[in-house]
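Just so you know, the sequences run in chain order A and B.
Residues 6 to 488, numbered by this note's numbering, are exactly what the first sequence covers, in order.
Residues 4 to 125, numbered by this note's numbering, are exactly what the second sequence covers, in order.
Heads up, some of the hints might be wrong.
Ranges between beta-carbon positions, derived for each pair [as the list claims (entries may be wrong)]:
#, chain 1, residue 1, chain 2, residue 2, range
1, B, Gly31, A, Phe290, 25 to 31 Å
2, B, Gly12, A, Asp384, 21 to 27 Å
3, A, Val163, B, Gly31, 31 to 37 Å
4, B, Leu67, A, Gly425, 49 to 55 Å
5, A, Ala194, B, Leu21, 32 to 38 Å
6, B, Leu67, A, Thr38, 41 to 47 Å
7, A, Asp384, B, Arg32, 16 to 22 Å
8, A, Asp384, B, Asp11, 22 to 28 Å
Keep in mind that the hints were calculated from the coordinates and are not lab data.
For every residue, glycine included, the Cβ atom is placed at its ideal position computed from N, Cα and C.
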Amino acid sequence: MFSFIPQLLIGSADLAAALLFMYGLWRMSSPVTAPSGIRVAGLGMLVAILASFLYLFGVSAAAAPHLLVNIALAVIALAVGGGVAWWSGRKVAMTSMPQMVALYNGMGGGAAGAIAAVELFGNRAQGATQLVVTLIGALIGAVSLSGSLIAWAKLDGVIKRPLRVKGQKIFNAAIMVATLVVGAYLIYATQGAAQPLMSAPHLIELYFALSLLFGVLMTLPIGGADMPVVISIYNAFTGLAVGLEGFVLQNPALMIAGMVVGAAGLLLTLLMAKAMNRSVSNVLFTNFGMAPKHKQGAIKGSLKPTAPGDAGIAMRYSSSVIIVPGYGLAVAQWQGKLYEFVKLLQAGGVSVKFAVHPVAGRMPGQMDVLLAEAGVPYDMIFQLEDINSEFASTDIALVIGANDVVNPAARTDKSSPIFGMPILNADQAKRVFVIKRGEGKGYAGIVNALFYSDNCNMVYGDAQAVLISMIEAVRGLGLPAAA
Amino acid sequence: MNFQIAIDGFVALYIFMLAGFAGWVIIGRVPAILHTPLMSGSNFVHGIVVVGGLYALLNASNGLEQSIGFFAVLLGAGNAAGGYAVTDRMLAMFQPTGHSHAHPKSSRARTGHAKAHSGKAS
Chain A
6 MFSFIPQLLI GSADLAAALL FMYGLWRMSS PVTAPSGIRV AGLGMLVAIL
56 ASFLYLFGVS AAAAPHLLVN IALAVIALAV GGGVAWWSGR KVAMTSMPQM
106 VALYNGMGGG AAGAIAAVEL FGNRAQGATQ LVVTLIGALI GAVSLSGSLI
156 AWAKLDGVIK RPLRVKGQKI FNAAIMVATL VVGAYLIYAT QGAAQPLMSA
206 PHLIELYFAL SLLFGVLMTL PIGGADMPVV ISIYNAFTGL AVGLEGFVLQ
256 NPALMIAGMV VGAAGLLLTL LMAKAMNRSV SNVLFTNFGM APKHKQGAIK
306 GSLKPTAPGD AGIAMRYSSS VIIVPGYGLA VAQWQGKLYE FVKLLQAGGV
356 SVKFAVHPVA GRMPGQMDVL LAEAGVPYDM IFQLEDINSE FASTDIALVI
406 GANDVVNPAA RTDKSSPIFG MPILNADQAK RVFVIKRGEG KGYAGIVNAL
456 FYSDNCNMVY GDAQAVLISM IEAVRGLGLP AAA
Chain B
4 MNFQIAIDGF VALYIFMLAG FAGWVIIGRV PAILHTPLMS GSNFVHGIVV
54 VGGLYALLNA SNGLEQSIGF FAVLLGAGNA AGGYAVTDRM LAMFQPTGHS
104 HAHPKSSRAR TGHAKAHSGK AS
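Assemble the whole structure, with the sequences as input and the hints as a guide.
Now the structure itself:
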């Protein structure tokens, strides 16, 4: 008699969740409102999860005898999965954020794939459309799961270098084709011969195995610096898989949330690819690191090393400094010491800004988070397009642990592999200091002409030590604050 | 009364189209400085897949379905909880000039609060 009540409640809760998700993401457009945005989205999640327990009022006759066990399993799974992930998310270091996001993303893809597996093994997908969508969702979810796990392993240093073998692309393509063939046969077998899908459990297993294998093979050859693109793509994949399974389960909240995330992931993927001046397919299917080294034009000038103390004092006596932090900074965890030095400069009345390149890090915007963690206020952090015109009127540019993103060859040298990549115009500052471990090359394997230019001095050494001597030198001046 | 939801062919495509467009527009407004929290935040949002997992698990009628359903809820819950935890932590770090930096203690207090919530969910 009142059997409509659970349905009404679930429907309302899911509707509220979809609205809260979109409103929450909407609030993420400014650092001021963003913390409340994630709480709004969190509330939506809570409402949807609580309401989904009302599904127990509408279970099928076949599932009814197992209901108590199923509820117990659900509670255990929520507590264990949620608890472990919550604990790890609270503990993880900010530098490890990319691999953590990759891991959580893989879990979402795996969940979508598992839902598809229940539908397939239980022979629940009704009709060709449902079956096709289930299979596509299963494929994307499984690829996202195994691909994200490989990305996690690479970012975490478990897998040290990109794995590339001859004929890899052809082999990957063959696996993809094989997956599609098995999927197509599953559709044909069930629709054409009207056979129940359960008669082919091994084919379903094969389909998942091939999909998972493809995710692994696709991710293995991709290098560390391309990870911002890879993480964005898998985020989009998981969103898409969730949206498709939402259609199969006839749940519009899943469809909407999944598609919103899919679009978000796509947008970020394109932004990251643009910041690297490469196409998405170029990142995925080209072995960048193996590209033959082109002939480098002769570079005029010489490397001019200078002492850390002298660099620090020069900055203290300047009126404006722009700092370009790179991934090297993040790896060595110097950002705290750096901000200590910056505060010293600011106390002396020097204007200091941070200039962040979109791909400085292993995921979009990672450098911004690391600076924020060190206590740098967000209004001191500027993005490439906002600050590039300011270098020309700046006294000193300080480049720390960055290389390719300040290489002027991207503007001038048509033969350079990074030609066309948007760079930070550090070379236009009146004077440039570069803190570097040694004379090594950047990820792209090319010499940086900036380091040889007349206005540039190199400060060699472990940056922690360099920053400490810079701080000591400025303190040793004994100047009054805000002179 | 009937509140059964039925989404077919073109209706599904309309939902996907509008949601995709909304996502594109919403995300397009987010400044680059927030791209990492945005990514983990949208990562959290697709954790809604746990709801689908719960549906599958509650309707499971044999051991195979139960174990796959359990797996789905386990992973989905991990996706949602982990995504929320890291996003909330990161966003608390973004402070304007003049604001004393958020002390770890205050963020831990917030953790306890949200933990009480998730406790209710499980």
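Report the numbers of all earlier hints that the structure fails to satisfy, in ascending order.
2, 8
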